[in-house]
Amino acid sequence: MRQTGPYNEKVMDHFRNPRNAGELENPSGIGTAGNPVCGDIMEISIRIEDEVIKDIRFRTFGCGAAIATSSMVTELVKNKTIDEALAVSNRAVAEALGGLPPVKMHCSVLAEEALRSAIDDFRRRQGKP
Amino acid sequence: MRQTGPYNEKVMDHFRNPRNAGELENPSGIGTAGNPVCGDIMEISIRIEDEVIKDIRFRTFGCGAAIATSSMVTELVKNKTIDEALAVSNRAVAEALGGLPPVKMHCSVLAEEALRSAIDDFRRRQGKP
Amino acid sequence: MNMKPIYLDHAATTPTAPEVVQAMLPYLEGTYGNASSLHSFGREAKTAVETARGRIASFMNARPEEIVFTSGGTESDNFIIKGIALSRKDRGNHIITSSIEHHAVLETCGFLRKQGFSVSFLPVDSNGLVNPDDVKKAITNKTILITVMHGNNEIGTIEPVAEIGSIAREHGVAFHTDAVQTFGHVPIDVDELKVDCLSASAHKLHGPKGVGLAYIRTGTKITPLLHGGDQEKRRRASTLNVPGIVGFGRAVDLAGTEMHAESSRQSALRDRLMEGLLAEINDTRINGHPIRRLPNNANLSFAFVEGEGLLLSLDMEGIAVSTGSACTSSSLEPSHVLSAIGVPVELAHGSLRFTLGRDTTREDIERVLRVMPGIVHRLRAMSPLARKGAIS
Amino acid sequence: MNMKPIYLDHAATTPTAPEVVQAMLPYLEGTYGNASSLHSFGREAKTAVETARGRIASFMNARPEEIVFTSGGTESDNFIIKGIALSRKDRGNHIITSSIEHHAVLETCGFLRKQGFSVSFLPVDSNGLVNPDDVKKAITNKTILITVMHGNNEIGTIEPVAEIGSIAREHGVAFHTDAVQTFGHVPIDVDELKVDCLSASAHKLHGPKGVGLAYIRTGTKITPLLHGGDQEKRRRASTLNVPGIVGFGRAVDLAGTEMHAESSRQSALRDRLMEGLLAEINDTRINGHPIRRLPNNANLSFAFVEGEGLLLSLDMEGIAVSTGSACTSSSLEPSHVLSAIGVPVELAHGSLRFTLGRDTTREDIERVLRVMPGIVHRLRAMSPLARKGAIS
Ligand SMILES: Cc1ncc(COP(=O)(O)O)c(C=O)c1O
Ligand SMILES: Cc1ncc(COP(=O)(O)O)c(C=O)c1O
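Chains as they are written, first to last, in the numbering used here: chain A, 1 to 129; chain B, 1 to 129; chain C, 1 to 392; chain D, 1 to 392.
Just so you know, these hints were derived from the structure itself, not from any lab.
Among the hints, a few may not be true.
[To be verified] Below, computed lysine-lysine pairings styled on DSBU-like, alpha-carbon distance capped at 35 Å:
| hint | chain 1 | residue 1 | chain 2 | residue 2 |
| --- | --- | --- | --- | --- |
| 1 | D | 221 | C | 142 |
| 2 | A | 10 | D | 233 |
| 3 | C | 221 | D | 221 |
| 4 | D | 4 | B | 10 |
| 5 | D | 221 | C | 89 |
| 6 | D | 233 | C | 89 |
| 7 | D | 89 | C | 142 |
| 8 | D | 114 | C | 114 |
| 9 | D | 114 | C | 142 |
| 10 | C | 233 | D | 221 |
| 11 | C | 194 | D | 114 |
| 12 | C | 233 | D | 4 |
| 13 | C | 221 | D | 233 |
| 14 | C | 136 | D | 114 |
| 15 | C | 114 | D | 136 |
| 16 | B | 10 | C | 233 |
| 17 | C | 114 | D | 221 |
| 18 | C | 89 | D | 89 |
| 19 | D | 194 | D | 233 |
| 20 | D | 233 | C | 233 |
Chain A extracted, bound-state conformation:
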């Protein structure tokens, strides 16, 4: 994939035009990952109906890769079942973006973690483990 910067075109596209940025009102679950001291924090909110992620939003404080992976993970799991969503690995997010620079792979880990944390929050609210 062509590199026009530290990132390829696909990453830059998600940075420029992030999908599903923002916050859901009355979400079924909210999760966060990272912390501002490390320079990356992601927050994902989901609306779940019948075990399907019907809607999803993210807010991210972080580098270009952090914003792009957040955007990508929301696209990948939207309209997926929870089990399908949990099967989306950080590598899958990075691959869907056409690859990330090695020093930025941790961003894809954060995206996976924020999603899991949102799903955990949903389960918790449901009283399930």
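Once you've looked at the hints, dock chains B, C and D with the ligands against the given chain A.
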């Protein structure tokens, strides 16, 4: 003095057109200084009449400065009395050449030494100390 | 996006001035001799090098033989710090530096620490100033070297070098300053600054990349970093970079002519930039000293957003800036300089450095002021840190 | 004297090829970014650097990440030798080298000796060859590094690097070769040569001055010489010399295209020069190996005369040659290389090195052959060493 090389024009002139190069037949004295291991050897032969250096020749194996100082010392002492010649210091030779690079000052010392050694030889042949 | 690109990263490197390129060309094309060669090709090269050395020396009130040409600021810093440390190790093993030095100094000190030296890293105040009293207190009878930079590459603060120099002299300790950011930008006189050694790098003043200098005051013993041939009076071996040195000389000539005028022109534009950004964007702060700072440096933190996102967004507009110093811009840790002046970590992550140059125009600054608010706003809207009310 | 100057000192430095200057210009003029910067100016610079790195790597059968750009051959030698020594000092303190290395290697080894390392300087035979058996015998359980040059800069002898490399591998000792004189002149394949590290310098192959490379085989631990920023995967800090590296890349391209043809063309001219001088001038000898030698190197000793006088006399004719390696040409001691191959000292003083290049023509060689006998004759006539009968 203008430098056109490692040496100024005057040094180069004496290198290009050395004065009094060669060897006298039946000299009154011959002297040498330096040794080939150090890369410099000078040989001066003199003809002395009435304590005056009537003729002088040099042969030199050495760098440009060695050849130029040999040439200059012969010019400086020709037609001088022995005492006048002995008063010509290595600095005087270097100055007459308009200066030498510091690493080449030893050449002027050799020129002075070769001259003294030729005068010593003359004295020895005369049976004087 | 077809607008004229705007380069505001002159602290990372400057465009090579056309005059400098012109001066270098003959030494790239025709006069290619090795300055150590005795023949005419070599002598022409040597003459060019010595002419440049003479001009540069007089620019900084040094003697020509006190200038050693190197490959850049990093080599000069490494050469001087290691070279002084090694040559004085019989007298002591203690080095004093500041906590806001460039990595070329910090990492070199770190290396020496592993080799058995001990290093004191002095703190700075919230404007980035080293306190000369701290230097005095840190000196022990083992102290052999003090190294404190002249102008900071991130926040632009200019350190009290002359005061530190006086203290160093009183105590007989060698004193080095990294003047990579100030050389050619503010006046430098090695006697007034009371330095024994100084580093500079040509590409920071519109000279070529790959050439710098180490000033070594007469009488200062120093172990070489590059051993080999007899060049530079045996203080730095290697075939002289003749075109680079000639270009450096020309760049210094230009600085001599233009420095004063450029310094006031650039600092006026820089002030306009800082004031405009502060006025237009909430939750923004200026880093570095309000007055004692490089004329071309503005460093600001924008709360709730991260610097790389700002940088990329500006880049999309054709505007080049930096988040930290260039050489660490791929690192994840926040700048050690911003930490040292007490910028909270989250805020440090949202910092940008704008550094102006000879080619920066008023219109460039106005365009930055037009686009910056929108960029910050867009990223803040996406940020989980920005409380709604706080978004400008 | 209005004749075309004849440059026969290509081992000291080569004219920068016009193609190389052309390739560099855009990076001096427009594309001036710092290759570490994230913005588009920086990325363009980085792309140019990585393109050059890739080409240079494939030219020597290395991987791009095994190439570290430096400021020249001297830095590469210092970096590799000190860097390997420091990183392996827990395993041992013994280094093996030859007695005919360039000063950049010899002085670096000398420096390490003062720091507590022990160094064996192996002898060479009368042609200048290191005997691989001597290397094997010199290895002890303290040996951490062997450094033997590829092609000698004075007498042109090409050392049995691959054989020494096999021995080094058998014993698990790191092996470095200084290929400054061979790089771009004879084929180099780091796997065939069995080297772990290699030094080269761009200005010896029609590239720019002030840039070189250190090849570091993957897996070889090395302590940096220049500490600072993150450049070159933390093996060599400092802003990358983008135009220099681009020029180096172009010079390597040219070498890739022209090396084979130039090598036979130059060696034919060189043979004509050596044979002509031997035939025309009595009491002359050739130094170096008759066959295993650099294609462009002729080194001869002329009895009874001193080299500087020859050099100046040729210079007056517009012909540039060298008496020793350029960096020692102002020294008084005879060449350590000629001493090592057993040339008597007086004869060593009367030695000249003629090194040909891309720009050398048949007519150049013929003119040298026309003027040399008269020059030698004139100086011999002035020499106290020349017995009358012996003067040609
Ligand atoms: C203060 C300071 N010191 C040292 C350096 C290193 O200079 P160079 O990259 O030319 O080696 C820089 C610039 O990168 C700098 O800003
Ligand atoms: C064999 C050899 N090694 C090292 C060097 C040093 O290279 P540089 O002068 O580019 O530092 C040279 C040339 O001077 C050389 O011929």
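For each hint, the structure was consulted:
Pair hint residue 221 of chain D plus residue 142 of chain C holds up; C-alpha atoms about 33 Å apart against a cutoff of 35 Å. Taking the CA atoms of residue 10 of chain A and residue 233 of chain D, the gap is near 26 Å; set against the 35 Å cutoff, the hint holds. Only pairs whose Cα atoms come within 35 Å are accepted, and residue 221 of chain C paired with residue 221 of chain D is accepted, the gap being roughly 32 Å. Straight-line distance between C-alpha atoms of residue 4 of chain D and residue 10 of chain B comes to about 25 Å, which keeps the hinted pair within the 35 Å bound.
Taking the CA atoms of residue 221 of chain D and residue 89 of chain C, the gap is about 27 Å. The hint holds against a cut of 35 Å. Distance restraint check for residue 233 of chain D and residue 89 of chain C: the Cα-Cα separation of roughly 31 Å lies within the 35 Å cut-off, and the hinted pair is therefore satisfied. A hinted pair counts as satisfied when its Cα atoms are at most 35 Å apart, and residue 89 of chain D with residue 142 of chain C qualifies at roughly 27 Å. A threshold of 35 Å between alpha carbons decides the hint, and for residue 114 of chain D with residue 114 of chain C the separation of about 19 Å falls inside it, so the pair holds.
The straight-line distance between the Cα atoms of residue 114 of chain D and residue 142 of chain C is roughly 22 Å, inside the 35 Å bound, and the hint therefore holds. This hinted pair checks out: residue 233 of chain C and residue 221 of chain D have alpha carbons roughly 32 Å apart, not beyond 35 Å. For the hint linking residue 194 of chain C to residue 114 of chain D, the alpha-carbon distance of about 32 Å falls within 35 Å, and the restraint holds. Straight-line distance between C-alpha atoms of residue 233 of chain C and residue 4 of chain D comes to about 33 Å, which keeps the hinted pair within the 35 Å bound.
Between residue 221 of chain C and residue 233 of chain D the CA atoms are separated by roughly 32 Å; this keeps the pair inside 35 Å, and the hint holds. Proposed proximity of residue 136 of chain C and residue 114 of chain D is supported: the alpha carbons are some 33 Å apart, at most 35 Å. For the suggested pair residue 114 of chain C and residue 136 of chain D, the alpha carbons sit about 33 Å apart, so the restraint of at most 35 Å is met. Straight-line distance between C-alpha atoms of residue 10 of chain B and residue 233 of chain C comes to about 26 Å, which keeps the hinted pair within the 35 Å bound.
The hinted pair formed by residue 114 of chain C and residue 221 of chain D meets the criterion: a straight-line CA distance of about 17 Å does not exceed 35 Å. For the suggested pair residue 89 of chain C and residue 89 of chain D, the alpha carbons sit about 20 Å apart, so the restraint of at most 35 Å is met. Taking the CA atoms of residue 194 of chain D and residue 233 of chain D, the gap is about 23 Å. The hint holds against a cut of 35 Å. For a cut-off of 35 Å, the pair hint linking residue 233 of chain D to residue 233 of chain C stands: about 32 Å separates their Cα positions.
Comparing the model with each numbered hint stated earlier shows that all of them hold.
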